[in-house]
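Undergrad: Let's have the full structure, built from the sequences with the hints guiding it.
Residue numbers (our numbering), protein chains in the order written: chain S, 220 to 686; chain U, 220 to 686; chain P, 220 to 686; chain W, 220 to 686.
Do not take every clue at face value.
What the hints assert, rightly or not - Each computed DSS-like pair below joins lysine-lysine, with the alpha-carbon atoms no more than 25 Å apart: (1) P:539 x W:539; (2) U:539 x S:539; (3) U:589 x U:613.
Calculated directly from the structure, the hints in this document are not laboratory data.
4 protein chains.
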Amino acid sequence: MAYDAIWDRPREECGVFGVYDPQAAIAETIYYGLFALQHRGQEGAGMTYTDGTRMVTESGTGLVMDVFPRLPAGTTRVGIGHVLYASPDVVAADSVQPIQGRTGIGEISVAVNGAIVNADVLRERLIADGAIFRTPTDAEIVLHLLARAAGGNMTERLKAALVELDGAYSMVVMTADALYGVRDPQAYRPLCVGRTATGGWVIASETCALDAVGATHIHDVRAGEMVRIDADGPVYLPFTTPATGRKLARSVFEYVYFARPDSVIDGLSVYEARLRMGDILWQECGFTGDIVMSVPDSGTVAAIGYARASGIPYTEGFVKNRYMGRTFIQPTQAMRERSVRMKLNPVAQNIRGKRLIVVDDSIVRGTTSKIIVRLLREAGAAEVNMVITSPPVKYPSYFGTDFSQHETLIAATHSTDEICTAIGADRLHFLSQDGLAQALREVPTEEISFACFDGEYRTPLPKEEHT
Amino acid sequence: MAYDAIWDRPREECGVFGVYDPQAAIAETIYYGLFALQHRGQEGAGMTYTDGTRMVTESGTGLVMDVFPRLPAGTTRVGIGHVLYASPDVVAADSVQPIQGRTGIGEISVAVNGAIVNADVLRERLIADGAIFRTPTDAEIVLHLLARAAGGNMTERLKAALVELDGAYSMVVMTADALYGVRDPQAYRPLCVGRTATGGWVIASETCALDAVGATHIHDVRAGEMVRIDADGPVYLPFTTPATGRKLARSVFEYVYFARPDSVIDGLSVYEARLRMGDILWQECGFTGDIVMSVPDSGTVAAIGYARASGIPYTEGFVKNRYMGRTFIQPTQAMRERSVRMKLNPVAQNIRGKRLIVVDDSIVRGTTSKIIVRLLREAGAAEVNMVITSPPVKYPSYFGTDFSQHETLIAATHSTDEICTAIGADRLHFLSQDGLAQALREVPTEEISFACFDGEYRTPLPKEEHT
Amino acid sequence: MAYDAIWDRPREECGVFGVYDPQAAIAETIYYGLFALQHRGQEGAGMTYTDGTRMVTESGTGLVMDVFPRLPAGTTRVGIGHVLYASPDVVAADSVQPIQGRTGIGEISVAVNGAIVNADVLRERLIADGAIFRTPTDAEIVLHLLARAAGGNMTERLKAALVELDGAYSMVVMTADALYGVRDPQAYRPLCVGRTATGGWVIASETCALDAVGATHIHDVRAGEMVRIDADGPVYLPFTTPATGRKLARSVFEYVYFARPDSVIDGLSVYEARLRMGDILWQECGFTGDIVMSVPDSGTVAAIGYARASGIPYTEGFVKNRYMGRTFIQPTQAMRERSVRMKLNPVAQNIRGKRLIVVDDSIVRGTTSKIIVRLLREAGAAEVNMVITSPPVKYPSYFGTDFSQHETLIAATHSTDEICTAIGADRLHFLSQDGLAQALREVPTEEISFACFDGEYRTPLPKEEHT
Amino acid sequence: MAYDAIWDRPREECGVFGVYDPQAAIAETIYYGLFALQHRGQEGAGMTYTDGTRMVTESGTGLVMDVFPRLPAGTTRVGIGHVLYASPDVVAADSVQPIQGRTGIGEISVAVNGAIVNADVLRERLIADGAIFRTPTDAEIVLHLLARAAGGNMTERLKAALVELDGAYSMVVMTADALYGVRDPQAYRPLCVGRTATGGWVIASETCALDAVGATHIHDVRAGEMVRIDADGPVYLPFTTPATGRKLARSVFEYVYFARPDSVIDGLSVYEARLRMGDILWQECGFTGDIVMSVPDSGTVAAIGYARASGIPYTEGFVKNRYMGRTFIQPTQAMRERSVRMKLNPVAQNIRGKRLIVVDDSIVRGTTSKIIVRLLREAGAAEVNMVITSPPVKYPSYFGTDFSQHETLIAATHSTDEICTAIGADRLHFLSQDGLAQALREVPTEEISFACFDGEYRTPLPKEEHT
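TA: In structure tokens, the structure reads:
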């Protein structure tokens, strides 16, 4: 699910992980946890760990395995980690997290997944007030707020800092002897808590990271809830921010393509949700054909669901090259289509003469869909029927999911029929918003943000962004 | 399909690629070709290219994308490339190819996929005769033979060199103005030729590399055939080696798991072959259950085939973490099972209470199968029925496929029932040798080596290896 | 004059450099300036430069030439630089300067040579007040003070910051359009100003850096004076610190061994000062012998002076290996003497049978002197008479000159005769404090700190250091 | 004595070192030996060592300390090393030595100091005969000759190889259990043997390397002599080459500037030889003045000699910046003189108003001398009288000392008076050839090559070089 330059849509977000475990080699735990969250960000990785005496942060650009060719020995008790997704216009080396600093109550480290919408305002205010920044990260804003917060203990400082932060985020924070997890009051980003076999606790963006460290999933952090874990175990505390009281806004995209299918988010299995998307798509459009295939990997589960519901056999129509990363050489314009072909090679004998049902997760700009349709036609497809596991994306996202420019969204200005013509498909169906809500039925519909589809933003943007 | 330390069987071989194309940026062509062959080797990559004036070799350890963060500009006409699979006991940095050297008829470069069984004898003879080696590669042996061969032109030298070489190999060789491809007289390793859109030619281990560079597949190099491509186009020439006249010995493992499913080898689609393996497995064992799943990725196509034949629904039982490489930190013994879990996380709600048909490609030592069965049981499987797309591996391979030690092969000393008990499965079925032959029906059965299953080796080993 | 692990005394301090020159390629100017100051610190180097639009800092460990294999193009107007001397217990990578940060009045960068004695107090106070530190440098303390200072312009902020700083330092500070140089009110460290051929200005620790960039020496910054250079040229301003009003305390060690002999500090040529030290040594002790030699390099000029005064011929007794650096492999205990021999190889035919007058700059712990005497005796010296260009070091230095521990100073507990015996010399003479003062006669004696010899410290240490 | 781009003459040659010492940590011995020979080459360093089981070569570009940040442990018995001087047109990375290879009698390694004049002929013949080269070094030619030599033992092979080699060289060669040193039949390059404190033996280019490892100098290898050292100790053997029977041709430049002054070459102390050059210069020219100074470092000893003979005081007129290396940024044309000034800063108060006697080692192109004179005049010199410790260089050197182009030698086309005018000096005197011979009086004059001064080459050049 790596982002790459030939793709026309966002592929991931960041991931956070934390551990409090006096009995474990925590660097190892963080490593395995981050590794399981690698799909959320491949541009950088980092961890802060402590042995009770000293707190150390190591981070770098690239995959977890590249950043940590070997692990520090002898670590124990508290640690946090982060995997970084960086949009192409960001220098990943500047943005790796966690961000550690020494404050009046000792060393602190912070890692954030998400977007603080009033970041610019806060940063300028802090600078005017004498703060010196060394990174462009939101995590450093949090660190400065913590360093300057009044109050004698960390919990109070954290609450005082959170009062300032508006936006969509989950974060982990550590001191030398305590671990904190925070989920924003609108629950934009997932965060869960698990218990380790050695009697410790872990916090992670997704449950697949709990599985990876052999931990049992015990809690989904609630909207506007902070968990503090120290020698006394976890305590769950409410906190207040500018977003307190607004409607919840759980991200529908976690289910559509961000999260790993083996994760369970807020009580709903991602795999199950995608199976249902395929099922409902079949109910909605009833497209028939000879085979159901997917654009791998995010369309695969839904394709299996569509096949199961429709009785049309599931077949792999593309073989995906798994060795593609961010460092991929930029193709010349002439090589662009060849590049897509490199990543997705049609299996000709599965395609030739067949009427295809092709399941993909979304259409943003439409350019990749157009190439995909052409590849399938060149491989001899008799029909290319596209079914999409999300509604048309008509409104930009402002929270780090990258399709932030209204004018590039094909669905903002084209009807479904027009898009179908533009990408060259025979038929095209988008999952309806109601259908999507039904696929996610365990999650109350009013708690989910569908803003990219219906424009109903649940967080007001800061004024300077509107001009 | 990356090899990793927790796996108990070989995952790949090397791959070779060559291009003769006066109109193209050949470094780019080689890059895309190697990238498509990356599944055959991730330990190293290299290319030799020329612009007609100067021949240059660049190579290094790691993935194609890591070795070539950018490409040399202005290259044209002739080039070869190689991706390296290195067994864990080899220093990859010493073994990267191609190997280039200056000879009496100019600069030459060589890349080999395979194993020359009389390599030690040849190397010692060459050293006794004054040759100085700088690598342990078979390619350097070929280079020395070429440098010392009598005869005024390259084609004669190459024939003279090949007379000496016994073994299982495909290779590419280049001079400043010609490209050669060679496939051994028993056809152990695949090799094919394609035509580029710019009127040039490419040679590759698999057709997926032809697809990647937009080339049309025009020829499968025959057993004991050499192709020479220069300004006059391709010429196909026979040659003689110690293996000439022996029975053909096409590798069954290319179809079982080495090759990419979108490749077509010697006229048979790998995807089609695997679908049939699943179909025939169902016919042979008739195991029923609630879902068919695979051990990804090599068992997936056969699982789809089994599902289609049996009517049992295909479901993904494991989510595979795709970010695992050779540099993975060696797990402590205590973390070993967790490491497998990191790579393969069961999708609990697909497993729980279900009777599973689990399709895998082979059982070599049995240790990983045992862990896989346990993971599935822990996730709540009601039954774990294993079906394997190849017969029991009872005899070691001597040609670079890594399971060369007889004593570690569980099937060498255990019956199928005993293996089933050892790995903890409910039922276990291996595809029969006849069934496998039938799955590969377009390839004459007498041309295929089943030596690992029936012990009928088609190449005598050099004497010193027998002692 | 590189520090090395086999030496028993400090060899250098840091060096600072600044330039304001709209007409010059300032990165080049800084490079040449730092290169000329390289003897003051070899552990790291860095520079901040600007083109009026953007301010950038580059720094790293090692020599100027290693840190800057090539220079940024197109820089102009303002820049500062620093060479780092780091004591062995410091991680040089953490301490490289300048330190740059964004403040309420824009980007600022700071480089400091010296020691701020109340650094710990200030740092703790700033941290308690919410400041986050990323380095252990004094420069970052200054940066935080500047970021938090009240007042609308940089000059006022700098004055406000300086009010807080006690200690021995010279520093350079830059904004996007102005350069500042600051010398502490007791003038511990040198700082001078020069005019470039292109009409700009430079500030440097020593005049040899002015020579290196072709600048003319126009001013020695006075005690407690700040120079601001911008489009209007230089302005000299007084400022106040806790040290204001205390006795001046120019460092005698700049003349004895820190500074380059071709520098002129506060009106006195270092070369001339050292020549006189040799002359006065001869007048004081009258040691006769066959040759005068030095422990290179810092004893060489005084040895020439001694030879000239005494009429005894000057000869090189040691050849010094010039390729020794900080990365030198730590010798095993058994190899320690061989290591000194590597650095200093006696020229046997100059030594054998001769009565030597050996000039060295100081004796701190005595261990190296002992090895030096032994090497000379092994080479056949008939007599080894040591003359030292400074008085016995009886009191520790608290300002970064590294011999900060009282118990390791041999002269603190031994008489000259006892030291002579301990190091194995035939005779030993230390330059008297009066003799040293006379050698520096252009500098008023009451302005010079002789604290390491007589214990009269001119700066009170902060309270917590006394306990 | 580092070569740098602003200098107009060669500054060094390569250096070789070898050790046979069953009782010592030989990597450490080689390291210290190479470190002492660092002045002979700073572009690269390498060593081959063995523990009796395995032979390993490590090498790289840069200084000994950079190439070996740490040493391999547990090495013993046999090893060789090399420091590389590379002319600016050579890629140092390709030329680092030793060169190791596996031959019919086991692993061998070779390091060469010097120039094999028939290298091109030999290389082409070997390539035509099937040899494959990987470096442009002469050492690899020797290795190929050894690999191909007939004969059952190493000594015979080495003799057979040497029969082919014409030129000016000293070399060290090792097998797993023996060390060889070879000096060409005309003794162009120095080579000496020492005994270590642990009962082993070392071979080195200069005696300063023996001192550095605590070895006693026991032998100067004779012209056309090979030393073999193994468990039986050293054996000295004659050998034959195309040069056998020609006149000896010891290099005068070793004494003039190549060698370290603390070395003793063929019975003559380099320091003593240079002192005498100064003495004889005074006798020959009788130039009077106020001070004698040198262009450091190679002119310094002769300047002391001149001062002692003339009674004119010796003073340092330049301070040399010791931190300049090959990686020095190439100055723009406009910065060229500033670059010289960076390296050599005049000590103004020693120069101003003085009549100077300036001692330098040679004048090749004259460009640097011209800058030096100008610098001194700018510093206020009343007179600049240059005295040179070698005769005018009128003929090019063909043996790696770099001034190989006749047209660039100023003395080839100008008289001494014309040169004096060209460089802007008041007076100029070159040491006469007789005077130089007298300074080297312990070495028979007929054994010394003065070819660069009188054109009497003692080795015929290969035919293709004459055209």
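Undergrad: Hint check: residue 539 (chain U) vs residue 539 (chain S), CA-CA at most 25 Å. Holds or violated?
TA: Roughly 14 Å between the alpha carbons, so the hint for residue 539 (chain U) and residue 539 (chain S) holds.
Undergrad: Taking only the CA atoms, is the gap from residue 539 (chain P) to residue 539 (chain W) under or equal to 25 Å?
TA: 14 Å, holds
Undergrad: Taking 25 Å as the top limit, are the C-alpha atoms of residue 589 (chain U) and residue 613 (chain U) close enough?
TA: Holds - the C-alpha atoms of residue 613 (chain U) and residue 589 (chain U) are around 18 Å apart, at most 25 Å.
In the structure shown, no violation is registered for any of the earlier numbered hints.
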